[in-house]
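Please construct the entire structure, taking both the sequences and the accompanying hints into account.
In UniProt numbering, the protein residues as written are 1 to 286.
Think of the hints as simulated: they come from the structure by calculation, not from any bench.
Just so it is clear, the structure is predicted and the values come from calculations on it, not from any experiment.
Be careful, since some hints might not be right.
Within a straight-line C-alpha distance of at most 30 Å, the following computed BS3-like cross-link-like pairs (lysine-lysine) qualify [what the hints assert, rightly or not]:
no., residue 1, residue 2
1, K236, K34
2, K28, K87
3, K82, K152
4, K82, K148
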Amino acid sequence: MNMNLPPVAETVPECKLTIMNAGFCIIKKSHLLKGADPSDISVPSLFFLIKHPVHGNILFDTGYSTRYFEATKNFPFSLMNKITPVKITEKENAISQLLEKNITSKQIQTVILSHLHADHVGGISDFNYSTIYVSKKEWRYCQQPKLKLLFKGYLKQLFKNINLSSLKQLDFEESGCSYGPFFNTIDLFKDNSIILVPLPGHSIGQCGLLLNISNKERYFLIADSVYVKANYQKNKGGSLLSRIAHYNRKQYESNFPMLKQLEMDNPDLMIIPSHDPNLYSQFISK
1 MNMNLPPVAE
11 TVPECKLTIM
21 NAGFCIIKKS
31 HLLKGADPSD
41 ISVPSLFFLI
51 KHPVHGNILF
61 DTGYSTRYFE
71 ATKNFPFSLM
81 NKITPVKITE
91 KENAISQLLE
101 KNITSKQIQT
111 VILSHLHADH
121 VGGISDFNYS
131 TIYVSKKEWR
141 YCQQPKLKLL
151 FKGYLKQLFK
161 NINLSSLKQL
171 DFEESGCSYG
181 PFFNTIDLFK
191 DNSIILVPLP
201 GHSIGQCGLL
211 LNISNKERYF
221 LIADSVYVKA
231 NYQKNKGGSL
241 LSRIAHYNRK
251 QYESNFPMLK
261 QLEMDNPDLM
271 IIPSHDPNLY
281 SQFISK
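Listed below in structure tokens is the structure:
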């Protein structure tokens, strides 16, 4: 299986990526990787700021937010916070961190949501001026009743008020085209800078984001395609409990060999899942 990516042309606009984090959940290490020790660990919820020279400030996901506590205040939604307790302060909300960088919500032109789980859409209500992209399959799936969605990791309260006039649904089957080894991708700005890649399994409509800056600097933001890089490097998933949130566990785990080969065939590509504590230590923790 050849997973070589196409070369990045010199004409591709030079973007800048900033890796950020909004909140943590507390779980056992063995939840992330089967066979790991059962001690507790703080798991980050990464989100990403991309500065595009033409299309401005773009977010990929928004992490948790303090709205999570209101959304999980009452039973049965409180079960989510009992199973995976969350830590986040107002200062750690995505919007607060962006304001520290002198970026207001009006200056976020685009928000791309990998999927609609609570740890990825927590802050979406703060970005009412943005165009919001989400997979068509994901959006349609999440029109189900809130109780049914709860047991698949969704808190409908967090995203139910998205302004439909600002929402653009990504139809990978209808609009997608091949990019290197990937099928049905979407070149968001038609300039090869941001390629959206369908990565279903964890959720029905999850997508990843391939950011092409240069042949020596490329990133693949893969959301929850794995919890930690060791999942695909060792071809080993998480605990039985971790499987509850997956839409299709077999489809989820079928991505492991693909990601491993992708990393091997593209040594300058940095693959970044959203919850790997080692990546938090590498890019954020000082």
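Where does the structure disagree with the numbered hints, that is, which hint numbers, in rising order?
none
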